[in-house]
Each structure stands twice: as C-alpha cells, then as structure tokens.
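**Q** Read off the chains here:
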Amino acid sequence: LAKTTQPISMDSYEGQEVNITCSHNNIATNDYITWYQQFPSQGPRFIIQGYKTKVTNEVASLFIPADRKSSTLSLPRVSLSDTAVYYCLVGAYSSASKIIFGSGTRLSIRP
Amino acid sequence: GAVVSQHPSRVICKSGTSVKIECRSLDFQATTMFWYRQFPKKSLMLMATSNEGSKATYEQGVEKDKFLINHASLTLSTLTVTSAHPEDSSFYICSARDLGTGNNEQFFGPGTRLTVL
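Heads up: the sequence lines are chains A and B, in that order. Just add 18 to the spot in the first sequence (first one is 1) and you have my numbering. Just add 35 to the spot in the second sequence (first one is 1) and you have my numbering.
Bound-form chain A, shown alone (with noise of 0.2 Å):
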C-alpha cells in the first residue's frame, strides 16, 4: 500500500485559493488518488478522485503529474465552512482493496 504525505496543518483567509500536496512515491500502476474531507464527528466525505493529469469537479480540482508521485488538490475561493482535514489516499479500484489514511492535512479557514 502507498504511504501518503501531507502537511500536518495550513492556514488560509476566506476568498483565497488553497493548495495542499501530497507525497506518494510508491504509488502503484493500477492506484487511484482520492481526496476527502472530514468535519469534527463526521465521517469523511468524498471531494475527487483522479488517477494521471487533471480532474475538476464542482468543488476542486486536481493535479497530477506524469510521474503520479505526487498530487495536489485545490481549493477555490475558500470559505470558513471549508475549515476541515484533508485527507489523500492512495488505493486500487477493487471493492476489497483497503485504504490506509495518513494524519491528513488540518486547513483552517480564517475571515
């Protein structure tokens, strides 16, 4: 299973764009990238999933070099209630494949 890498914290202002990058140099040919996000006594909640180059949805967007050792996920025009953990995960698409979270990133929102 790839380990993850992420910062343990960032900070950011409302109306800003955040940036977050996670490490996953062992990551495997057939693994997928997914982010979520956790809200305290939450479980963690679904924001994209890609697996090379980039994927936008109505929430983020995600980059993902040629090598796929990396990826960051963005945030556009943050606002307070985006104050969560970010969690990166690194998996294969198999209804059994199990998926290891790492400590996540805390991003604080503040106005």
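Rather than coming from a laboratory, the hints here were simulated on the basis of the structure. As the structure is a computational prediction, the values presented were derived from the model and not from experiment. Careful, some of the hints might be misleading.
[Claimed, not checked] Cut-off 27 Å, straight-line C-alpha distance, at most; resulting in silico cross-link-like pairs (DSSO-like, lysine-lysine):
hint : chain 1 : residue 1 : chain 2 : residue 2
1    : A       : LYS21     : B       : LYS49
2    : B       : LYS99     : A       : LYS116
3    : A       : LYS116    : B       : LYS76
4    : A       : LYS21     : B       : LYS77
Fit chain B to the known structure of chain A by using the hints.
**A** For chain B alone, kept in the frame of chain A given last:
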C-alpha cells in the same frame, strides 16, 4: 451518491458491557465493508475488513475476539465491542464501496461515538 448509515450515532455504556454498532449500505450492495476507529484529533485507523459471508480480516494489533464483526448480508455489517472498557471509547466509522458507480469512491458512514464509563 450512495449512502452508508450507522446506528446508533452515539452510545454510552458501562465498563464490561458489550455494544453493537450497525453499518448499512442503503442503496447499494457491498460485499466488503471496512471498520475504522478514530481517536480525538487523530486520523482514522483501519480495524478490519468485513467480508459478506466469510470471516473478517483484522489489521495487526486489533483483537478479533474483542471486536466481533459479522457481515450477514450484502447491506449490513455489525461491529460488536465486547467487554468494553474506557480505553475503547472512540469514534467508530464504517465504509463501503459501490462498484456500480464505476469509480473508486468509498462511502463512509456518519460514525458512532462510543463512550465507556
């Protein structure tokens, strides 16, 4: 997206009692579900993989006789914390994948807060 529910959302029990937590996939079938435990300000720790119709697979350091897992149907997995002690107090979260969506998204339940007195 698919929904995973947990019951109860929070439970308080006395030391030495057993507590059962249910995890249900509401609109999809899940042959495999996962159980996690999370302590305050810590990351989720995978406890075990629950397999429908067969024995669960436990992670290293997790006592299978203490954390009993039963996955009797394609939509229900249960975790029973036997002879609970205060150190078992934690936030327990389950998850499952819906392969029918065509992606690798894993859906998480809302969690169960266990407090052992």
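**Q** For a quick check of understanding: which of the numbered hints are violated here, in increasing order?
**A** 1
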